[in-house]
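Visitor: In case you want the letters, here they are:
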Amino acid sequence: MRVAWKEKAIKLILLATASTSILIVAGIFVFLGREAGPFAIEPGLKELLGKRWIPVSFQKESFGILPLVAGSLLVTALATLITLPFGIGTSVYISELARPTEREILKPFIEILAGIPSVVIGFFGLIVLVPLVKACFRLSTGLTALAGAILLALMAIPTVISISEDAIRSVPVSYKQASLALGASKMQTIWRVTVPAALPGITAAVMLGMGRVIGETMAVMMVTGNAAIITASPFDSVRTMTATIAAEMGEVAFGSNHYRALFCVGIVLLLATFGLNIVAQKVLKKHRVR
Amino acid sequence: MRTAVLQRATCWLMRAMTYFIVFIIASIILKILWNGLPAVSWEFLTTMPRRSGAEGGILPAIVGTLYLVVGTIAVALPLGMATAIYLSEYAKQGRFTRTIRLAIVTLAGVPSIVFGLFGLGLFVIFLGFGASIISGCLTLACMILPIIIVSSEEALRAVPRSLREGSLALGATKWQTIYKNVLPYSVSGMLTGSILGIGRAAGETAPILLTVAAFYLPKLPRSIFDQVMALPYHLYILATQHPEADKVRPMQYATALVLLALVLGVNLAAILLRIRIRKKRRW
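Going down the list, the sequences are from chains A and B. Heads up: the first sequence runs through residues 12 to 301, numbered per this note's numbering. Heads up: the second sequence runs through residues 44 to 326, numbered per this note's numbering.
Since the hints were derived computationally from the structure, they do not count as laboratory data. Quick reminder that beta carbons are idealized off the backbone N, C-alpha and C, glycines included. Be aware that a few hints might be false.
Said to hold, decoys possible - Chain B is faced by these chain A residues, among others (derived, beta-carbon under 8 Å):
id, residue
1, Glu18
2, Ile39
3, Phe42
4, Ile127
5, Phe134
6, Asn288
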């Protein structure tokens with residue numbers, strides 16, 4: 012009798028702890044909304060759609076987040092362009108072409124990259140990459156969207172590689188055997204059979220990598236120059252949403268419009284990554300069922 | 044003939060890409076090692092900073108980071124392990140379980156700076172902890188929770204069903220079975236995965252930026268409601284905010300090296316432990 016009671020209690024405790032994850036997710040939405048909420052009433056959400064982010068001004072402040080969104084999008088798009096060939100090429104190489112011992116060394120080595128703190132990568136970017144970008148493209152400053160994108164690609168690559176490698180390896184051997192038996196070469200088999208079969212997994216990998224890129228803060232803040240302008244040129248300095256929050260939250264007056272606007276930026280960021288993740292998970296799940 | 048050449052070319056291209064990434068990783072580590080080692084001394088590790096970090100050591104940042112890591116693990120580990128036990132041993136397929144899993148996946152994808160905002164809104168302001176170690180630890184714990192849950196669940200699922208069934212057949216209750224027959228075989232695996240969470244907590248800057256980290260505070264914390272310095276934030280400050288950023292290069296390299304050594308050391312420990320566990324496993 013007492014045993015049965017104890018069993019039930021343990022199950023309940025475990026159930027309660029398991030629910031904390033749900034509570035935290037709900038809490039994130041609630042507390043971001045709580046701090047951002049008053050902004051919707053005064054000065055109103057329309058203010059956020061403006062094209063100028065001038066949070067501190069003697070005349071009139073302006074909280075248009077479009078330049079920040081544009082900055083994040085530009086950096087993310089560039090980073091994805093760099094990540095795609097490297098992520099796919101490397102994961103195909105590791106899973107299909109590398110010798111077994113080579114693979115055993117390469118995999119953990121690339122995983123190291125995922126462990127390097129973003130501030131260290133940002134520091135490396137600041138002293139090595141930024142001067143390099145400046146010299147290569149003869150710019151007045153190397154603190155550009157391009158420098159940020161390269162660093163972000165570097166940080167997304169381990170994520171992309173590990174997930175797409177999984178996807179490539181889970182393609183049934185029979186597919187490859189059938190292709191090889193029909194006289195296709197190894198490369199033909201890889202590009203016409205294996206990679207297309209693993210494509211949903213690779214897509215999801217790239218999307219999860221993009222989620223990481225949009226949300227990345229420190230590295231991007233250190234090398235993009237942080238000018239809040241709308242531009243499509245990789246050689247301009249940009250200011251991302253993450254960098255804006257991190258850089259400005261320290262100096263802002265509690266409860267001011269600026270403070271609330273930063274929380275609004277946080278919500279936009281949260282929704283963007285949330286959406287990307289959900290879609291990526293859907294794609295991954297579909298792939299597994301098949 | 045032409046296709047054969049093309050094929051070898053693509054193969055070489057992919058190999059070149061792979062080794063290019065390897066080269067970059069190696070150059071990051073070597074560059075910091077090469078420039079950082081001469082500046083790291085016993086004095087650097089054990090004294091207070093002077094002249095806003097331009098001279099002296101980084102003791103408070105090291106201590107701060109250690110406090111944060113220990114506190115974070117103390118919160119996240121029990122919570123994550125219990126969740127993993129529930130998911131792997133008790134949960135039935137259903138809406139509630141799906142919601143928990145969705146929550147975990149969502150948490151894993153939330154940007155670190157958003158965790159910072161959440162920590163600021165909940166712990167610092169709503170609960171009134173202020174910018175303090177406890178706010179930072181709780182925020183970081185939320186962030187690494189999914190890492191711990193996922194790896195712990197994997198470790199639990201690796202224990203074969205037969206071990207559970209044998210125990211249940213002998214009349215043991217469910218919890219007795221888990222406690223005596225499942226946990227002993229999976230706890231080391233659970234810890235290994237959690238170590239990776241430690242590495243993440245030690246290296247993250249954005250969440251602690253808003254919840255705990257002090258710009259320059261040359262003294263050690265006395266309680267969990269104090270602010271502390273932390274290694275990653277200190278490196279950020281030295282590299283970008285310091286008025287003489289170029290002159291304090293050696294300090295930057297040395298701080299980066301200490302942080303990198305700490306995080307990679309922790310990760311390496313996890314990898315070695317994982318290899319040992321795999322070798323010892325006998326089923």
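Visitor: Each hint: holds or not?
Guide: Verification of the hints:
1. Annotation: interface hint on glutamate 18/A holds; nearest CB of chain B at approximately 5 Å, less than 8 Å.
2. The interface hint given for isoleucine 39/A holds, since its Cβ lies 5 Å from the closest Cβ of chain B, which is under the 8 Å cut-off.
3. Among the interface hints, the one on phenylalanine 42/A holds; its C-beta lies about 4 Å from the nearest C-beta in chain B, closer than the 8 Å criterion.
4. For isoleucine 127/A, the shortest C-beta to C-beta distance to chain B is roughly 7 Å, which falls under 8 Å, so the interface hint holds.
5. Taken as an interface hint, phenylalanine 134/A checks out: its beta carbon lies about 5 Å from the nearest beta carbon of chain B, inside 8 Å.
6. With a least beta-carbon distance of about 4 Å to chain B, the hint placing asparagine 288/A at the interface is held under the 8 Å criterion.
Violated hints: none; the structure is consistent with every hint.
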